[in-house]
Structures are given as C-alpha cells and as structure tokens.
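Visitor: With these hints in hand, go ahead and build the complete structure from the sequences.
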Amino acid sequence: MGTLLDVNNLKTRFHTPEGTVYAVNGISFKIDEGETLALVGESGCGKSVSMLSILGLIVIPPGEIASGTAIYRGADLLKMEEIDLERIRGKEIAMIFQDSMTSLNPVLSIGRQITETLHTHMGMNHEQAVKRTIELLEWVGISDAHSRLGDYPHQYSGGMRQRVMIAMALACTPSILIADEPTTALDVTIQAQIVELVIRMREQMGMAMVWITHDLGVVAGLAERVNVMYAGFIVEEADVDTLYDDPRHPYTNSLLAALPRADRRRDHRLKSIPGAPPNLLVEPKGCPFAPRCEYARERCWDENPVLSVVGTKHRIACWVDIKTGDLR
Amino acid sequence: MSAQANLKAIPRLAPDEIESPPLSLGELTWRRFRRHKMAIFGVVVLILLIFYTFGGAFVVSEKYANQTETSLRLTGPSALHRFGTDTVGRDILARTIYGGQISLLIGLTAMTLETLVGILIGASAGYYGGWLDAILMRFTEAMLNIPQILLLLVMAKFFGGKIPNIPLLGRTFSGSVVAIILIIGFTSWPYLARIVRAEFLSIKENEFILAARATGTPPLQIIFRHILPNSIAPIVVSATLGVANAITLEAYISFLGLGVQPPTATWGNMLEGAYKYIESAPWLWVFPGTLIVLIVLAINFLGDGLRDALDPRSRTV
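Chains S and D, in that order, are what the protein sequence lines are. Counted from 1, the first sequence has number 291 at position 291 by the numbering used here; the numbering is strictly sequential. Counted from 1, the second sequence has number 40 at position 40 by the numbering used here; the numbering is strictly sequential.
Worth flagging that the hints you see were computed from the coordinates, not collected in a lab. All values derive from a computational prediction rather than experimental measurement. The C-beta atom is built at its ideal place from N, Cα and C for all residues, glycine as well.
Straight-line alpha carbon distances no greater than 20 Å define the calculated SDA-like cross-link-like pairs of lysine to any residue that follow:
{"#": "1", "chain 1": "D", "residue 1": "K204", "chain 2": "S", "residue 2": "E82"}
{"#": "2", "chain 1": "D", "residue 1": "K204", "chain 2": "S", "residue 2": "M101"}
{"#": "3", "chain 1": "S", "residue 1": "K79", "chain 2": "D", "residue 2": "P218"}
{"#": "4", "chain 1": "D", "residue 1": "K204", "chain 2": "S", "residue 2": "V59"}
{"#": "5", "chain 1": "D", "residue 1": "K204", "chain 2": "S", "residue 2": "P106"}
{"#": "6", "chain 1": "D", "residue 1": "K204", "chain 2": "S", "residue 2": "S109"}
{"#": "7", "chain 1": "S", "residue 1": "K323", "chain 2": "S", "residue 2": "A296"}
{"#": "8", "chain 1": "S", "residue 1": "K323", "chain 2": "S", "residue 2": "R292"}
{"#": "9", "chain 1": "S", "residue 1": "K11", "chain 2": "S", "residue 2": "L57"}
{"#": "10", "chain 1": "S", "residue 1": "K91", "chain 2": "D", "residue 2": "I222"}
{"#": "11", "chain 1": "D", "residue 1": "K204", "chain 2": "S", "residue 2": "V107"}
{"#": "12", "chain 1": "D", "residue 1": "K204", "chain 2": "S", "residue 2": "I58"}
{"#": "13", "chain 1": "S", "residue 1": "K91", "chain 2": "D", "residue 2": "L210"}
Which chain D residues stay away from chain S? Per the calculated CB distances, all over 10 Å, these:
{"#": "14", "residue": "M38"}
{"#": "15", "residue": "G55"}
{"#": "16", "residue": "G56"}
{"#": "17", "residue": "T112"}
{"#": "18", "residue": "L201"}
{"#": "19", "residue": "L271"}
Incomplete in silico selection of chain D near chain S, CB under 10 Å:
{"#": "20", "residue": "N206"}
{"#": "21", "residue": "E207"}
{"#": "22", "residue": "P229"}
{"#": "23", "residue": "I232"}
Guide: Here's what the structure looks like:
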C-alpha cells in the first residue's frame, strides 16, 4: 500500500516570554493508506503539537515550524497556502479532539455544525446536507437523529457529543483521521463504545488513522504501529505486537511496567517512572530520558541517540541494549 | 396517618409532564428577563412611546406640526393646543409626535452604524491580533481620548448644512438629520469595539474554534458564524444602551443649535428655543424634556434587564 502522509524532520517551537519551548524536535514518520498509527507518550511530549503543526493549526507567532516537510499526496502541507490547507482540513485530513464538551460550538445547533462542513467542502445544497447529516448521525449511533438535529450541544451527553464529533470528522470521508485522545474525557464504558465505533468506521471507510493517546491499553486493540514519543522525540517505533512483546527502549519498557495487567497477581505493585518529564525550555542535549533512566550511561548525557534499527520495522533511539544492559 | 394524607396531596403526574423538554436559550433568557420588573416597565414605556410617535402621525399631519402661526405664539396648553404653542406658534403636541420619530430614527440608525463599525473593528483586532490589533486599538484609544461631545460639536459645525435634504416615503428629511446620524455613529463605536475585541480574544481560545479550523472553516465564517454569536449578549446590551446614548447626544447638540435644523422637529431642538422661557413658558420644555427622560430611562432599564437575562453565568431559572 502506498504512503499517504510522509512527515520528515518536523520541528516545532514556541517562543514564549519565558524562553523558547522545544515542543517537537525533528520527528519523522509515515502513514500508509488504511493504516492506524498510534502516537503514545505522556502529557506535553509533543503528540498533539506535532499533529496540529502538520495541519497548520499552530498559532504563529508564538509558534514556529522550524523545519520539516509533511508530504501529503505529493504536496508539502507545511509550505501550503492557508487557503489550500483549508481545503485539505476536514475534507482530506480530519481531526477529533479530546474534550467533546468544549469542541462543539455552544450556540450552534448540532445539525448546523455538521451541515456547515458539508456546504464548505462538498458543495451540497441545504437539503442534501441535512439528509447526509441525518445519515451520519444515525451511523454513529445517535438514535432519532432527525428530531435531534436542532438540539444544541448542551442537550447532548458527553458520549453523544463525541459521537457527533466523529460524525463531523467523517462527514467528507477523509483519507486520514487524526484522533487526539478522543476517549480521555469519557468514562470507561463510553470509552469502549467510542473505540468500537471508530474501529467500525475505519473498517467501513478504509481510512488511515493517527490515534494520539497516553493510554497504552487502548492502543493494543486498535493500532497496527506505535510511535512512542518523549520530550518531542520519537524514541521507539514498532508494530504493535512487537512493542508489547519486546519493548527495547527504557522509556517504553517503564511505561508498560506501569500498566495494570490482568495476568498479574492482584497485589502486584505497579511501577512508576521516577522523576518528572524534562523542561522543554532547555534546548535538548544528550538523551532527554537520561535523568530518569535506570540504564543511563555517560554517553547518554552527552549525545542524543538517533533512531536505529533493532528488528523488523522496529527502531529505537537509545545507546543501551536493555536486555544486556550494555552499550549497543 | 398525616404522612399518608400528605402523600395523597401530591398530584400524580403523567410521564410526559414530569419530563418537561429542556428550555432553549431564548426561553431561559425570557424567563430571567420577565423577573426584572424595571425592564418590563422599560419595555412597556418604550412601546407606549413608539405608539405615541408613530400612531400619533395618523392623527396629525407633519404639515400641521411645522405650520407657524405667529398670532398664537407662546400660548399655554389649551383645548386646541393641548401642549401649548412654541415661539413661532407651532403646536407642541404635534411637534413632539414628529420630533419623537426623528429622535427614535436617529437613536436606532446611529446605534446600527456604531454597532457595525464597532463589531468590524473589534472583531478584526481580536481575531487577527498582531500588528492589525495594535494599529486598530491605538486608533480606538485615540478616539476614546478625544471628548466625544467636543468631537460632535466640531463635526456638527463642519458638516452642518453640507448634506442636502433627502426625500423619502413622501416626506422630506433634513440633511442635518443624516449628518447627526453619521456623526454620532462614527464617534460612538470605540467602547463597543473594545468590548467585541475582548470577547473575541477570549472566545477564539476555545477548543471549538480549533475544531472549526480543523474542519477547514474559512476565517470569515469562523468570525461571523462561530465567534460572533457567542459574544452576542454584551453586544446586544451595549447596542441597546447605545440607542439611549444617541438620543441624548442628539438632544445635546440640537439644544446647542448645531444639530437637526428646524422646521424638522426633534425632542432635542424643541428644547433649544425654550431656555429663554424656562419660567415664563414652561410647557416649551416640560413636554419634550419629559419625553427624553422617559425614553432614555426606559431604554436603560431594558438594557439592564437584557444584561442580566443574557448573562450566561447567571444560573437563575
């Protein structure tokens, strides 16, 4: 299958009064057609910012895309004019956000918010747009969609609003759906429903997906490939099975150790990672994870490792082989 | 036993009655507005005044209102001239009717102009930010630093008599009316512009704006369809008070003889000739003066009521 989106050496910075924030530090990844890629990492590691950068949704200034390319169907999104990007956003690459409570405009009716996208991108007239909106809402599981079209967001529950967001994102059958922690703000049962819904949508529409999350539990059942991010770097990339069976980066290893598992004893204590995420105001020197890493060597403090191959489609950015504890 | 009696006293509700449909924003606003007694008073007075000025026009003609009769100058209220006559013998009752129309017209159109300019400048500054914001806001602050009254007087003096009379709907509107509308409209917008800018600055940071951008919504649509409706409450309140303000300003410059020129009557210029007769012919100023006070008061009460009713933080139902 062909590559849909090819991101290369993306660097995003924010120039704030406190100094420059190095949010994304030269990440590269590819998304193939129909594939689901998970971006995993803790809060503030640059997962969302990298995706927002690609879609030109970073406010400049204070933001700055310092370098990089993002080739989508032969065109570089990062160098595209705003007016051309508007045609890609929502139509080709759609995005859903974390907090469905605040992602819908409170003064516009649900129907209006979806039909608007259809008017803008598909050139539909009012009747066609309304008809399609009802279809979409029923498709994502809003019962009695016809009579709920005129309702306002506050009349919907959180889970329903996230369903509406999904319907809105899928309205123009995009080829890539970026889901920015879409289940974080929902309770666990609704989370499961939403994940299930997205999986069903993906099967029916055949779109590629980028799933941003810090929940490794969700990733396992959803993604084909996983990129683990730390402090604006991709530190490990692997197929989902490889990552869970054979994590090679100390950070990934610690993350998985911190995850509750059904096959462990009930009194098994979850391991936490000591220390705190690095201050992104300092230009990175050496491996950003070194201060928290149990395998850290002298070299780790001076030189930041680049991604290198350790197995089939498996790359890590680390000097140390965690199996032996020796330098690689 | 008494507990059981109490239980029976509770009426049985059908499921439909228990689950009343949620109130829409409009219904909520109306509920809160209804509670505001002074606002209701304001609305009633306003309706009566509108009825007075526009209904009265069917009873007396404008020609009659502008007709001079020097032999009857400065006569007190009588059966023939219920509000008396002015310095050139015109009927004051008829003139308050037509003057009221002009005053209301000036109030509404100047407010519309003010609101349009204010929204345009405030929205551009707030949404785009950066150098555009800096330029527009320095300009706005400069406007705020010039006393409006002074600006009004200078502009009224400058533009007075330069705009020809305008025939419309079979009537002739003095060019000075248009001049006053433009002058008031183009000097009153700075406050509104600052309110709109502040609203835009805070609303554009919401996630639903990011979501709208992520679906490829063009900037103009974001400004007018996504942000503006969210900031409508303070704009409505400010616009309402703007009507009262415009009426007062018109009265002020007309009183100084720089506003709307006779024979076209306004409540303001009816006061102009009256100050020489404050004691000898009080009917000259009592009637138009009372009407100005009433309408400004009514609009301000209405504005207060709207402010409370439209406040999204108000949880009163």
